[in-house]
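There are 4 protein chains.
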Amino acid sequence: MKLEASASGVYPIAPTPFHADGRVDVQSIDRLCDFYVESGCTGMTVLGVLGEAPKLDAQEALDVAFRFIKRAPSLPTIVGVSAPGFAAMRSLARAAMDAGAAGVMIAPPNTLRTDDQIVSYYSQAADAIGADVPFCIQDYPLNFSVVMTPLVLKRIITDNPSCVMLKHEDWPGLEKISTLRKWQAAGELRHVSILCGNNGLFLDFEMERGADGAMTGYAFADMLVDTVRLSKAGRRDEAHDLFDAHLPLLRYEQQPGLGLNARKYILMRRGLLSSHALRAPGGSLSAAAVEEIEYLLARVARFDKRAACPPLADKARSA
Amino acid sequence: MKLEASASGVYPIAPTPFHADGRVDVQSIDRLCDFYVESGCTGMTVLGVLGEAPKLDAQEALDVAFRFIKRAPSLPTIVGVSAPGFAAMRSLARAAMDAGAAGVMIAPPNTLRTDDQIVSYYSQAADAIGADVPFCIQDYPLNFSVVMTPLVLKRIITDNPSCVMLKHEDWPGLEKISTLRKWQAAGELRHVSILCGNNGLFLDFEMERGADGAMTGYAFADMLVDTVRLSKAGRRDEAHDLFDAHLPLLRYEQQPGLGLNARKYILMRRGLLSSHALRAPGGSLSAAAVEEIEYLLARVARFDKRAACPPLADKARSA
Amino acid sequence: MKLEASASGVYPIAPTPFHADGRVDVQSIDRLCDFYVESGCTGMTVLGVLGEAPKLDAQEALDVAFRFIKRAPSLPTIVGVSAPGFAAMRSLARAAMDAGAAGVMIAPPNTLRTDDQIVSYYSQAADAIGADVPFCIQDYPLNFSVVMTPLVLKRIITDNPSCVMLKHEDWPGLEKISTLRKWQAAGELRHVSILCGNNGLFLDFEMERGADGAMTGYAFADMLVDTVRLSKAGRRDEAHDLFDAHLPLLRYEQQPGLGLNARKYILMRRGLLSSHALRAPGGSLSAAAVEEIEYLLARVARFDKRAACPPLADKARSA
Amino acid sequence: MKLEASASGVYPIAPTPFHADGRVDVQSIDRLCDFYVESGCTGMTVLGVLGEAPKLDAQEALDVAFRFIKRAPSLPTIVGVSAPGFAAMRSLARAAMDAGAAGVMIAPPNTLRTDDQIVSYYSQAADAIGADVPFCIQDYPLNFSVVMTPLVLKRIITDNPSCVMLKHEDWPGLEKISTLRKWQAAGELRHVSILCGNNGLFLDFEMERGADGAMTGYAFADMLVDTVRLSKAGRRDEAHDLFDAHLPLLRYEQQPGLGLNARKYILMRRGLLSSHALRAPGGSLSAAAVEEIEYLLARVARFDKRAACPPLADKARSA
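Chains as they are written, first to last, in our numbering: chain B, 6 to 324; chain Y, 6 to 324; chain X, 6 to 324; chain E, 6 to 324.
The set of hints was computed from the structure by calculation and includes no laboratory data.
Warning: the hint list may mix true and false statements.
It does not matter which identical chain is used: a pair holds within one copy or between any two.
As a list, the in silico SDA-like pairs of lysine to any residue whose alpha-carbon atoms are at most 20 Å apart [as the list claims (entries may be wrong)]:
1) 237 / 293
2) 187 / 295
3) 7 / 176
4) 7 / 167
5) 75 / 129
6) 159 / 122
7) 187 / 291
8) 159 / 100
9) 310 / 246
10) 7 / 310
11) 187 / 290
12) 310 / 275
13) 187 / 289
14) 187 / 293
15) 75 / 35
16) 187 / 292
17) 310 / 242
18) 7 / 100
Looking at chain B on its own, in the form it has when it is part of the complex (with noise of 0.2 Å):
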């Protein structure tokens, strides 16, 4: 099962879950890919940044993609294999495709500043991970400083056959769908799938804007599915009703840094996570955000009561 270009829906970003001492949690793993499915995702992606890749090692990597796409044959799974170098990417490519991985996301690193320096480092990376490994390109220049014009994309789509997905989260974002899908329209460029990240801030009017679907880690993944289907089903003001309550939480899990330690913390609110904890090094919550997401969730929980969880015992608060 190879990832394809007509890719849609939600594939989330999945973290890596950690017990409190730090090892892997592959119990919260399965829970994990168990939810997935039952929400309604098409597939899933593992050891993004979000995913904590940095901080396994590479045995460590290839066990938790592992757990992850053995647990969840049904969802095509995306692994993350940016690399200071394209013998690592290439390594992890190929041990990730020969796990069953369906194709692998590709992120430019910041020193890229050029538009053919960019071009020319995804033809290269491409060559290096092999024409067989479908790839989608990260364009996230918030995070990698790596600013990709419309034409660069349509240049990296064109001279790559293996180029099937771009994982958009550029900010703002909303007519560089447009672009694209107006070049696709008029037979100027081959269809690609287009998932949304950026927690999904603006996934509300991206769906409108011609993207496939999400492409990113909020806790609710399950919200994430339904707006999409709603929005793909012309349901305008009800995606945006459930959108819009999710805002506000929404865009506190989006804060960078301190946003991984509260998306976590929620998924173990939802039972989805044991602990929230983070490998080191990494953040914790303080008390007064602890607080802030509880009120947070007990306000969207009026709308949507996937959000209303069980009265907060003192122990896990302290987690």
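Add chains Y, X and E to chain B, keeping to what the hints say.
Chains Y, X and E in isolation, oriented as in the chain B frame:
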């Protein structure tokens, strides 16, 4: 009337209104001033980055500042004086104070890296403008790439008695406010006013962490005033209800670049600006973006009638 | 006398001389001008970054430019007009041309990333200053973090007839010169003058690759003139012998920040400046640095007598 | 044999030799090692950025390091272990030490900004690799965009007993060395070894300011050894005479990107490498660049016979 460390409430970042042909629109300046006063704003800020200050020549900049100051004498006005050199900064700061400004705002040049470089820069800037000119630090890493730790802010505040205010727009930034207020409570730091920027994206919680108000340009300054007021009065749920109703639109307006087009469009729709034109170079809103803003306004209006705008004439739509 | 694409030779980057108390030192301006003329320079550039332009207020900047222009009427003078906005850029450019400047130099703001952003910026700048004002592109990635490919330069040159010169200071940059000259030879690009900066660190080979001369502030403009002359005359070994004799000192002067202190110190030792003072904020030379420069001057003087300075009075040493 | 704070002399940055087809060239590794020993080097550094470490996969990297270590058992070897995450850093560091390395070198990720971020990073890295692994700080702002003040270095050295060396390659950096040595002389900082990088561009003066030697990859490690020796012996003029004779070539080799091609070409011309190939992706030298290097070699050879290379076979020229 000089800016004081006890300042609080809402200091909107005033846009500079232009006619479609690029001339400054002084009637719209007057309307904005009247609106700020009527809305309960407690001050205002002119010639900031989102006031298109760099597009004004020196004389125009002073004329614009003077017009704002003269029309709203009851509002202490802060003038942005960030400049590539201290000579120009001094010239503008002295001229602004002579014209009746209450204080100035200084952003760091994006070449600063180390803690000491940042601290030195503000000492030199304070010397350059003169000890009699109260100033506000603009802490906006997302825009300036300069990261100020709480300790750096403490050093700047301690070293420079004329520093009376922090425009807080770090992201994430809630813990920074808590840290500064904790130091202040412990007597380790004198009080300065903390007003929040970054389009108010976290204003709801920033108030609860100890901020004194907002300094941002969201097109509904009147909503900011109400949110600040409700929060200070301890009416937490009401503050969040109002804030959350606006959040989908506020988020839309916060987009870099495009956001200023959206803001001016909304201000035009509210009858405050004659035109939503930016002075060149400046982008414009696509038809899709206009439709999205209109949709968001209509949704906000379900909760807050102030967002109900008159039907859109075809002419205005294409202005 | 307007700047033309046929310009060649040496356009020194003139420092702005200050007295120790911070006042502009006009007598030293006159001495510098006379020295440039006597040395065989073919033009000069004022108000660049290393001319401490940002430390001058608007009136001072014009006064300085005018003094240079008036004293050396035989030298076409380029005025740096880089500014945070096009309004200020236009004001300074028009005023400079009115005062007798031959053209202006424009550096890109360090926020530009993509090829299109850079090309657009120069088109907007050319529009802002007016089509009648010849301009020079400053291509200095080390300082501005903006990387211009040869193709981007080609687009700027092709789009803007008033672009007549490239201040080349990319690093490495030899292949860039070769590429531009190859396109020109093939009739794919019109000729523009290429003058080399970056303190002349590669001037020896840049001339051999097709540059027309130097635009840099090394304290021995007379050496630059000779190196350019020898290289153009095909006297390769002599050009390198002279250049290499200066290279240890030239390298020392090229250090960011500190380099300008060293340059002014050497110019003072050569009798051209009354003081090596920088206007605040600016560092100073340590005793160790002064000793190192004196040592290097003495070593250069073994080959080039122009580096032989009179014995150092104790007073001057501590100036 | 563990790396100690008393280390001095020359630790060349060893390139990784490749055959033209991309395979690691182990015979050339052996030749390099023998050359380093015969030249009087006192250690060596492998798998640095200019050792093309990111192009090696994990097993290759260890094989390369092991080959160097085994061939030159008398030289303490430092292994570069900079990595995007602490897990990979730890794995490589432990494996390197097991293979006989004397210590490791750690560069900061280019996302660090504030003083505290840098200090924390090194504490976390020291914890990750283990307190028994001596490490060297790589302070190279030009490459990593991370600026470490002397005070930050002092904090890192003081906080981490396993920090025994600073690879100094700040630019400018002479005053930094003086400051650290002054603190040490005053008993405020323990001694660590300071070896100089940045291709040795300021090695002449860095030694005089208190550096212990060089850690850089200039193709004439034997010249570096002599310069360090002469400088330490107080034979100042001789040290500068030798250094200055090489400076034109050394400067050429210091160019980012292209410099490594030049370095490998010179090492090939000296008979140490079989090929000057870089593993893909890596540029190549133009015919003009080859001619320039040959010209510079011939010029250096007038002073230093070690630069006299055998006539260039046509075959080698195009290798």
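Structure-based check of each hint:
For a Cα distance limit of 20 Å, the shortest separation of residue 237 from residue 293 across copies, 17 Å, qualifies, whereas the shortest one inside one copy, 38 Å, does not. In this assembly of identical chains, residue 187 and residue 295 lie within 20 Å of each other by CA distance solely across copies; the values are 18 Å between and 44 Å within a copy. When the C-alpha separation of residue 7 and residue 176 is checked against a cutoff of 20 Å, the pair qualifies neither within a copy, at 29 Å, nor between copies, at 38 Å. With identical chains, the CA atoms of residue 7 and residue 167 are at most 20 Å apart within one copy only, with a shortest distance of 11 Å there and 48 Å across copies.
Taking the shortest Cα distances, residue 75 and residue 129 never come within 20 Å of each other, neither inside one copy (30 Å) nor across copies (33 Å). In this homomeric assembly, residue 159 and residue 122 come within 20 Å of each other (Cα to Cα) both inside a single copy, at 14 Å, and across copies, at 17 Å. When the C-alpha separation of residue 187 and residue 291 is checked against a cutoff of 20 Å, the pair qualifies only between copies, where the shortest distance is 14 Å, while the shortest distance within a copy is 46 Å. In this assembly of identical chains, the alpha carbons of residue 159 and residue 100 never lie at most 20 Å apart, being 29 Å within a copy and 43 Å across copies at closest.
For a Cα distance limit of 20 Å, the shortest separation of residue 310 from residue 246 qualifies both inside one copy, at 14 Å, and across copies, at 18 Å. Taking the closest pair of Cα atoms, residue 7 and residue 310 never come within 20 Å of each other, the shortest separation being 36 Å inside a single copy and 51 Å across copies. Taking the shortest Cα distances, residue 187 and residue 290 sit within 20 Å of each other only across copies (17 Å), while inside one copy they are farther apart (43 Å). For the homomeric pair residue 310 and residue 275, the shortest alpha-carbon distance inside one copy (11 Å) is at most 20 Å, but the shortest distance between copies (36 Å) is not.
Taking the shortest Cα distances, residue 187 and residue 289 sit within 20 Å of each other only across copies (19 Å), while inside one copy they are farther apart (44 Å). Taking identical chains as interchangeable, the C-alpha atoms of residue 187 and residue 293 lie at most 20 Å apart only when they sit on different chains, with a minimum of 13 Å there against 46 Å within one chain. When the C-alpha separation of residue 75 and residue 35 is checked against a cutoff of 20 Å, the pair qualifies only within one copy, where the shortest distance is 9 Å, while the shortest distance between copies is 45 Å. With identical chains, the CA atoms of residue 187 and residue 292 are at most 20 Å apart between copies only, with a shortest distance of 14 Å across copies and 48 Å within one.
In the homo-oligomer, the alpha carbons of residue 310 and residue 242 lie at most 20 Å apart both inside one protomer (19 Å) and across protomers (19 Å), since each shortest distance falls under that limit. When the C-alpha separation of residue 7 and residue 100 is checked against a cutoff of 20 Å, the pair qualifies only within one copy, where the shortest distance is 15 Å, while the shortest distance between copies is 35 Å.
Checked against the numbered hints above, the structure violates hints 3, 5, 8, 10; every other hint is satisfied.
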